[in-house]
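K.L.:
Kindly produce the complete structure, drawing on both the sequences and the hints.
FYI, in my numbering the residues of the sequence shown are 1 to 227.
Calculated from the structure, these hints are not laboratory results.
Being a predicted model, the structure only gives us computed values, none of them experimental.
For each residue, glycine too, the CB sits at the ideal point set by N, CA and C.
One or more hints might be untrue.
Said to hold, decoys possible - Between beta-carbon pairs, the in silico distance windows are: (1) F76 to K201: 55 to 65 angstroms; (2) W175 to T148: 16 to 26 angstroms; (3) S109 to V216: 20 to 30 angstroms; (4) I226 to D70: 49 to 59 angstroms; (5) P93 to H68: 48 to 58 angstroms; (6) V104 to Y222: 39 to 49 angstroms; (7) I224 to D124: 53 to 63 angstroms; (8) G207 to V50: 18 to 28 angstroms.
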Amino acid sequence: MSKLQPQPWTIAKKVTPADSPKPRSSSGSKPVWKLGGAALTRWLHLYLSVFSFVIVLFFAVTGLTLNHADWFDDQFSTTDYKGKVPLAWVKTPDTSAINKLGIVEQLRSSHSIKGAVSDFRIDDRQCSIAFRGPGYSADATIDREKGTYQLTETRMGLVAVINDLHKGRDTGKSWSLVIDGAAIFMALVSVTGLVLLLFLKKRRLAGLMVVIVGFVIVYLVYAIGIR
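P.N.:
And the structure:
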């Protein structure tokens, strides 16, 4: 009598926990801090670049016009004025009693003078007042014996205005804060761009080499052409 053949379901291999598929090891993936750091740096670099786009463009263009100010010398315009202030304002032995505020306000209202008062000098015969602004100047001389004055106003054109804004000359404290903010933004854009490069393994070395070459070129231009 023949032996009974085992049924297929009785010889099927049992799956044990040791035989079950193992999840892939994450040892080859990047650490979480690197992924988070790269994402944060990319986000900062992108939005800082967008936010500071106008500022960077402005200082780039004005850097060019400032370096070639002679291209725009023909934009100057000069206007001369004459007038008189109340004699009691200036004809007094006590120079501290001279009505400085009244003189300045009369010049502003009579001739639409702009800019801030950068200098107010008094001597025995006359008073000298200087107004300064971006691309703008006005100088007045007042005869203390007669109260008469001569005023020369100079407008240097739009290019001179933006050049002075670039330099922060005669622009006031508020614009000085704008320049400080622009410098900080441009520094952050540069630093985040460099940090972002360090996260790119395939391009890191080539990128750093470009940075070094750029630094060397700038130094050589300074060392050879300026020193």
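K.L.:
The structure should be examined with respect to each hint, and the outcome stated for every one.
P.N.:
Going down the list of hints, with the structure as the test:
| no. | hint | result |
| --- | --- | --- |
| 1 | F76 to K201: 55 to 65 angstroms | holds (56 angstroms) |
| 2 | W175 to T148: 16 to 26 angstroms | violated (35 angstroms) |
| 3 | S109 to V216: 20 to 30 angstroms | violated (58 angstroms) |
| 4 | I226 to D70: 49 to 59 angstroms | violated (20 angstroms) |
| 5 | P93 to H68: 48 to 58 angstroms | holds (52 angstroms) |
| 6 | V104 to Y222: 39 to 49 angstroms | holds (45 angstroms) |
| 7 | I224 to D124: 53 to 63 angstroms | holds (54 angstroms) |
| 8 | G207 to V50: 18 to 28 angstroms | holds (22 angstroms) |
Hint compliance for this structure: hints 2, 3, 4 are broken, all remaining hints hold.
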